[in-house]
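Visitor: Kindly produce the complete structure, drawing on both the sequences and the hints.
What follows is each chain in one-letter form.
Protein chains: 2
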Amino acid sequence: MKRFSSVSLAIITIFSTAAMAQEPIEIIEPAKITAPEKVELGKMLFFEPRLSKSGFISCNSCHNLSLGGVDALPTSIGHNWQEGPINSPTVLNAEYGLAQFWDGRAKDLKEQAGGPIANPGEMGFTHELAVTTVNSMPDYQARFAAIYGKDSVNIENITDAIAEFEKTLVTPNSPFDQFLKGDKSAISAQAKSGYQLFKDKGCTSCHNGPAVGGTMYMKMGLVKPFHTDNPAKGRIAVTGNSADKFVFKVPTLRNIELTYPYFHDGATWTLEEAVNTMADIQLGQQLSETEVKEMVAFLKSLTGDQPQIVLPILPPSNANTPRPVPFGG
Amino acid sequence: MKRFSSVSLAIITIFSTAAMAQEPIEIIEPAKITAPEKVELGKMLFFEPRLSKSGFISCNSCHNLSLGGVDALPTSIGHNWQEGPINSPTVLNAEYGLAQFWDGRAKDLKEQAGGPIANPGEMGFTHELAVTTVNSMPDYQARFAAIYGKDSVNIENITDAIAEFEKTLVTPNSPFDQFLKGDKSAISAQAKSGYQLFKDKGCTSCHNGPAVGGTMYMKMGLVKPFHTDNPAKGRIAVTGNSADKFVFKVPTLRNIELTYPYFHDGATWTLEEAVNTMADIQLGQQLSETEVKEMVAFLKSLTGDQPQIVLPILPPSNANTPRPVPFGG
Chain A
578 MKRFSSVSLA
588 IITIFSTAAM
598 AQEPIEIIEP
608 AKITAPEKVE
618 LGKMLFFEPR
628 LSKSGFISCN
638 SCHNLSLGGV
648 DALPTSIGHN
658 WQEGPINSPT
668 VLNAEYGLAQ
678 FWDGRAKDLK
688 EQAGGPIANP
698 GEMGFTHELA
708 VTTVNSMPDY
718 QARFAAIYGK
728 DSVNIENITD
738 AIAEFEKTLV
748 TPNSPFDQFL
758 KGDKSAISAQ
768 AKSGYQLFKD
778 KGCTSCHNGP
788 AVGGTMYMKM
798 GLVKPFHTDN
808 PAKGRIAVTG
818 NSADKFVFKV
828 PTLRNIELTY
838 PYFHDGATWT
848 LEEAVNTMAD
858 IQLGQQLSET
868 EVKEMVAFLK
878 SLTGDQPQIV
888 LPILPPSNAN
898 TPRPVPFGG
Chain B
578 MKRFSSVSLA
588 IITIFSTAAM
598 AQEPIEIIEP
608 AKITAPEKVE
618 LGKMLFFEPR
628 LSKSGFISCN
638 SCHNLSLGGV
648 DALPTSIGHN
658 WQEGPINSPT
668 VLNAEYGLAQ
678 FWDGRAKDLK
688 EQAGGPIANP
698 GEMGFTHELA
708 VTTVNSMPDY
718 QARFAAIYGK
728 DSVNIENITD
738 AIAEFEKTLV
748 TPNSPFDQFL
758 KGDKSAISAQ
768 AKSGYQLFKD
778 KGCTSCHNGP
788 AVGGTMYMKM
798 GLVKPFHTDN
808 PAKGRIAVTG
818 NSADKFVFKV
828 PTLRNIELTY
838 PYFHDGATWT
848 LEEAVNTMAD
858 IQLGQQLSET
868 EVKEMVAFLK
878 SLTGDQPQIV
888 LPILPPSNAN
898 TPRPVPFGG
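Chains as they are written, first to last, in the working numbering: chain A, 578 to 906; chain B, 578 to 906.
Keep in mind that the hints were calculated from the coordinates and are not lab data. It is possible that some hints are incorrect.
Because identical chains cannot be distinguished in the list, a pair is counted as satisfied if it fits within a single copy or across any two copies.
[Unchecked claim] In silico lysine to any residue, SDA-like type, Cα no more than 25 Å apart, as pairs:
#1 K870 - A896
#2 K609 - L888
#3 K796 - K810
#4 K778 - V800
#5 K870 - R900
#6 K687 - L888
#7 K796 - N853
#8 K609 - P889
#9 K810 - F904
#10 K609 - I890
#11 K769 - G691
#12 K870 - M714
#13 K684 - V616
#14 K776 - E868
#15 K758 - A676
#16 K870 - T898
#17 K687 - S643
#18 K609 - I886
#19 K769 - V616
#20 K769 - A896
#21 K801 - Y725
#22 K822 - T898
#23 K870 - N895
#24 K609 - T816
#25 K801 - G905
#26 K684 - K822
#27 K609 - Q885
Predicted model only: the values in this text are computed from it and were never measured.
Guide: Listed below in structure tokens is the structure:
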């Protein structure tokens, strides 16, 4: 009897693994932390406002881990309250992206992390001053020495540590993942219909993989043009290839309930409107009100466990630390 | 033998309690949390940027719990990058203050919490919109209902919860507190000399009690005028009494190593300079270089255990939530 159970279980496991393998969406796995000291240092730097000219803006300002890893604004607020050019993508599950930024101009999280620090419209600092700042504090010096070796505070290692922290910002255990793992009651009948629709309509041709996106670039406005005031031209800025005009990295749909407003221009505030727009301009289809509700129910099932972050305590500045320049300068 | 030990212990306890009672500085006790749900709600609201017009500024923006409960800027950055009029005081141990704000215009933390939300130069919002925002989210509604009763989302309760969280932001167990408790090796000989000097010179006539400050108002520039470009006139703005010109609440010296730059104008960046200025304009004294170093060593021994904060996860906005107005408007 016991042996039969084991065999049955094995058969069920094989069967459900096979079934899962056919699913276009894969489970998000919890973070495996192999270098906890580096992750802790990266967390400090992620919350470090002294990486900005003003001393006020940190990575977490626009990728707020209380708010799904975004600022929940159409476009971000930068140094001196400058209006950002594009919607801040979530940092959650960002490691699953084939590249970083909407246009994929950074090959990975490490390369991305250096961008905003030195961008005059974002943190408004320089890499040189960021390094001088971090290197001025004995606590940071000791942490870098322990991880990267003596005299190792440089922008390479600063961004490496930030990226290592960001890799831990995954959101496993969403109701949809529980459903994928075999718990058929983990999501509602409405969400199940929404998922079926999501596959049947062809959404999964772009939104697939563990992050339900991030695996490819795609033209925004494939069937009909996307109407926006946002001047971003997408991947053409990286490749110079005219075929890449309005081509953007497909965003993740994980935690999409939290990462409003939507699209690269951040002009769409509700999931209902976002779903309708996607169906219309990417697929040339109109969805019924019921179908939209089903789709939204499915999308909301993609909200996973948010990373539990203990706020880092940052070391104090001293006489060697460059002073922030919040005003003028 | 056992009874003798108990008696000895009792005598020592009485003796050391008596000795401690003579000290002008008292030990900071760890927070006693009696209403954890209210504290948790207050923490969410403390980190809630949607209490600001822009959706970008929270209490934690200027009272950053990674940075000793301050923004470490001369004066704060407000809505639309407005330059604040005065240095942000630390929220750490603020409950020990006889009143709140530099001029004591709020009688307690609850009254204080409502100020920045509605101040056009800070969070730039209104209490009405803050209430509408919080009340739009079922998660917040449920938490308020459980704590304050049905339909209880109002500014009274919002500020009450924030204050309840802030009361937990104490920093016990500093080296100096360990010293006060009897561990004579907890601080250096230099710091001990500094403490003796701190008492002998008369610093403790203003900086006393558990927070080493916050117990009274005092004129800034008692013996010689304080030179500053800052237009703040102090407590006269509250009392209308000309004797209160340049009279401010004595700030806490707890965690003073973390809460630079100093004084209400935030123009002094080092503890050495701050100590010299205080000796000069408040006491009419000049300290030797050695004395300043001793005083600074003592002041650095006042850094306690920083509150360990698990970053709250905030509920998502929905169609009923007022949209942030970061730009224009």
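Visitor: Hint by hint, note whether the structure agrees.
Guide: Hint check:
1. K870 - A896: For K870 and A896, the Cα distance is within 25 Å only across copies (14 Å; inside one copy 58 Å).
2. K609 - L888: Cα proximity of K609 and L888: in one copy and across copies (20 Å, 21 Å).
3. K796 - K810: within (10 Å within a copy, 59 Å between copies)
4. K778 - V800: Result: close within a single copy only, 14 Å intra versus 79 Å inter.
5. K870 - R900: between (52 Å within a copy, 22 Å between copies)
6. K687 - L888: both (22 Å within a copy, 24 Å between copies)
7. K796 - N853: Close inside one copy (17 Å), not across copies (64 Å); limit 25 Å.
8. K609 - P889: Both: 20 Å inside a copy, 22 Å across copies.
9. K810 - F904: between (32 Å within a copy, 23 Å between copies)
10. K609 - I890: So K609 and I890 pass the 25 Å test inside a copy (23 Å) and across (22 Å) alike.
11. K769 - G691: neither (41 Å within a copy, 45 Å between copies)
12. K870 - M714: between (53 Å within a copy, 20 Å between copies)
13. K684 - V616: Answer is within; shortest intra-copy Cα gap is 20 Å, inter-copy 42 Å.
14. K776 - E868: Answer is within: at 13 Å inside a copy they meet the 25 Å cutoff, but 75 Å across does not.
15. K758 - A676: neither (28 Å within a copy, 56 Å between copies)
16. K870 - T898: So K870 and T898 pass the 25 Å test across copies only (20 Å; inside, 53 Å).
17. K687 - S643: Result: close both inside a copy and across copies, 22 Å intra and 23 Å inter.
18. K609 - I886: both (15 Å within a copy, 23 Å between copies)
19. K769 - V616: Result: close neither inside a copy nor across copies, 37 Å intra and 38 Å inter.
20. K769 - A896: Classified as between; 24 Å across copies, 60 Å inside a copy.
21. K801 - Y725: neither (50 Å within a copy, 51 Å between copies)
22. K822 - T898: neither (44 Å within a copy, 35 Å between copies)
23. K870 - N895: Intra 55 Å, inter 15 Å, cutoff 25 Å: inter-copy only.
24. K609 - T816: Answer is neither; intra-copy 34 Å and inter-copy 59 Å both fail.
25. K801 - G905: Neither way: K801 and G905 sit 45 Å apart in one copy and 31 Å across, limit 25 Å.
26. K684 - K822: Cα proximity of K684 and K822: one copy only (19 Å, versus 59 Å across).
27. K609 - Q885: Both ways: K609 and Q885 sit 14 Å apart in one copy and 23 Å across, limit 25 Å.
In summary, the structure is inconsistent with hints 11, 15, 19, 21, 22, 24, 25 from the numbered list given earlier, while agreeing with the others.
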